[in-house]
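There are 2 protein chains.
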Amino acid sequence: MSRLVMKFGGTSVADLGRIRNAALKVKAEVDRGHEVAVIVSAMAGKTNELVAWVREVSPFYDAREYDAVVSSGENVTAGLMALTLQELGVPARSWQGWQVPLRTNAAHGAARIEAIDTTLLEQKFRQGLHAVIAGFQGVSPEGRITTLGRGGSDTSAVAFAAALGAERCDIYTDVDGVYTTDPRITKKARRLERIAYEEMLELASLGAKVLQTRSVELAMRYKVRLRVLSSFEDGPGTLVCDEEEIMESRAVSGVAFQRDEAKVTLIGVADRPGVAAAIFGPLAEAGINVDMIVQNISEGGATDMTFSCAVDDVPRAERALRTARDLGAIDWRELVTDTEVAKVSIVGIGMRSHSGVAAKMFATLAREGINIKVITTSEIKVSVLIDRKYMELAVQALHDAFELERAGG
Amino acid sequence: MSRLVMKFGGTSVADLGRIRNAALKVKAEVDRGHEVAVIVSAMAGKTNELVAWVREVSPFYDAREYDAVVSSGENVTAGLMALTLQELGVPARSWQGWQVPLRTNAAHGAARIEAIDTTLLEQKFRQGLHAVIAGFQGVSPEGRITTLGRGGSDTSAVAFAAALGAERCDIYTDVDGVYTTDPRITKKARRLERIAYEEMLELASLGAKVLQTRSVELAMRYKVRLRVLSSFEDGPGTLVCDEEEIMESRAVSGVAFQRDEAKVTLIGVADRPGVAAAIFGPLAEAGINVDMIVQNISEGGATDMTFSCAVDDVPRAERALRTARDLGAIDWRELVTDTEVAKVSIVGIGMRSHSGVAAKMFATLAREGINIKVITTSEIKVSVLIDRKYMELAVQALHDAFELERAGG
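As given, the protein sequences belong to chains B and A, one line each in that order.
Just so you know, we're using my numbering here: the first sequence kicks off at 10 and counts up by one.
Just so you know, we're using my numbering here: the second sequence kicks off at 10 and counts up by one.
In case anyone wonders, no lab produced these hints; they're calculated from the structure.
Mixed in with the good hints there might be a few duds.
In this list, chains with the same sequence are indistinguishable; a pair is considered to hold if it fits within one copy or across any two.
Unchecked claim - Pairs of lysine to any residue, SDA-like flavour, derived with a Cα cap of 25 Å:
{"no.": "1", "residue 1": "LYS55", "residue 2": "ARG29"}
{"no.": "2", "residue 1": "LYS34", "residue 2": "THR348"}
{"no.": "3", "residue 1": "LYS55", "residue 2": "LEU25"}
{"no.": "4", "residue 1": "LYS197", "residue 2": "ASP322"}
{"no.": "5", "residue 1": "LYS196", "residue 2": "ALA406"}
{"no.": "6", "residue 1": "LYS55", "residue 2": "ARG73"}
{"no.": "7", "residue 1": "LYS133", "residue 2": "ARG112"}
Excised from the complex, chain B in its bound form:
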């Protein structure tokens, strides 16, 4: 009998009516002959409420207690979903993370999954009982409840799909798939039938908030076929799969963007070995998520170092760099920040075999009169920093230039 993992996010189980709607989708798959493991999030808003309580009580909270509190929302949904399935004639029971058990390390609040023991689940499947599993949670070596970080239910779902050898992991959400770009930017945005793990990973980390990045990494590692689809309308969604499952890849699959970026440049940095470590070490310690990094030759034995980060991180980044300079760890002539930039990226596994993709991107932006401030590239993506006010224009122009509104690929 084939197995299926079906994951429902917070908006898909926001109230009893939506839980019933989700349960009907589960019943349909059960009726098609699948053994189903359902992974549920907390009802929309519940986790935020619990997090707010924890923060109000204890601003620098004990993460073990945070986990004990915030994991409770998923337990409620799991029980209610199991009951709803039973009412629909689908034999089911709920599982909390520790009951499975899903074992994690002790990094409370952002725990990593170490192992899923499926013995008990398998036993119940053999008895005809479908599983409803509270997402987002596990149990530490010490027997305390852990959580996997915000959005962790996606990761739970993929991990269970891998552990149970599921044919597919269906992620039900409030969008009907992965798009070539955000439909709010251009109406020509089109749902992709299929997308490769690597592409999804770039899109996820570039700001397309459909799937948690970690869940895509995990799916790629264990070759779990992921399907992203809507809880609220019927449709095939988007299959995230191995690139071998994608017939003919086009050069570019999607255009991603990140609006609130900032550019920080250190001018006149002494150009000697270890200088990059001296700069980025303190930034990492300060918890700054540095994204693009570019180093240019500067005049007189010095170099210019530019990096991008989130706008909100700029004050802390400046403070960390000035402190490091005061301590004599680094030196520079000038620190320049630009908080009015955005990042636009084109992503596609086809870039590997198509040449001239980057050149076409630059030409397109030039034609629109958009100045490029920083460029970085990887095997399957090209990213540029541009003035924020041109962001929508750039996305629209690139979407047109690479003909993403056309189906195929």
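For this one, chain B is given, so just place chain A on it according to the hints.
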């Protein structure tokens, strides 16, 4: 080091401010040198919300899923209380039932405690960590979450007090102790300094809703000294203890009452062995909680059988009795119901050594012109059924007659 169990009910932890207020009381006991185990209920209203969801989803719900859902409220409070204590400088951690573990049988929704393994708790006490334990919940032999029935947190608290050898179990609630009668009926009602387990048990089951009956039974069996006191005002509360700790017991300690009673009489029942079983068997099967039972000789080899039950149970009781008659299991001439009665009881361990207590009760009621419909007695209580409209009057008259407004005893 002496141990204390402190239990806070739903109104005592209804919001973050009240949790802090409760935590301050815990801190005071910790500062006095106690090792403390705090037992918490769900925030007021939470359990009702969860129960309503379960019932809406599934009217004849799977009790295992009911337990998985409704137990979550206590987990939230336990985590928040542990965090609040930490903020006050009291080292503490939360425990869910399965983490302790508190083992129960598999009677989901109303599970019985089978054992509390205190090994881990003791280990953490030795490390200086006070315990915050989610009340109301345990784990079944199969590893599923169980709950102890509504109000079960009192039972949790007493069980932990027994298992941990606590010096006392303090039950914080929204009243400041156990009263000689309900202060809403007479302003002369007085808080008792001490009350014996047996008396408390009679008062609890007679409608004084301060403590769950089971928790008092458990306290009596394990000689756990219980103190009932208010979360919202300072005061000594009432100590529920062994009668040996009560110096000089007076004849009557309190007057209890139950307003919504009904009297059902079967007239002309054939008087032969087994007739009581034939009547009360079907009532038990129908889930009717029969309270007082009186049998009188009737004319011509027949007998009259009278019992009391809750007004709401009368239609089901009538149906069960008529069905039993249709099946030929019993026979009677007439079935008479009176749904306008109330029960009033006087309770006191001193009755054992004081004579004439019942006579004084009857004389008091006669003086007020109140007709007694049914009488039952036990070693430490006398109960009567009277017309409901005289209930307040009867309680006031008995409170005066036995001079309960006077301290002492």
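Verification of the supplied hints:
Taking identical chains as interchangeable, the C-alpha atoms of LYS55 and ARG29 lie at most 25 Å apart whether they share a chain (18 Å) or sit on different chains (22 Å). Taking the shortest alpha-carbon separations for LYS34 and THR348, neither the intra-copy value of 45 Å nor the inter-copy value of 50 Å comes in at or below 25 Å. Taking CA atoms no more than 25 Å apart as the test, LYS55 paired with LEU25 passes in both settings, with 14 Å inside one copy and 16 Å between copies. Taking the closest pair of Cα atoms, LYS197 and ASP322 never come within 25 Å of each other, the shortest separation being 33 Å inside a single copy and 66 Å across copies.
Only within a single protomer do LYS196 and ALA406 lie at most 25 Å apart by alpha-carbon distance; the minimum there is 12 Å, versus 82 Å between protomers. For a Cα distance limit of 25 Å, the shortest separation of LYS55 from ARG73 qualifies both inside one copy, at 19 Å, and across copies, at 23 Å. Proximity of LYS133 to ARG112 under the C-alpha cut-off of 25 Å is found in both arrangements, the shortest distances being 19 Å within a copy and 22 Å between copies.
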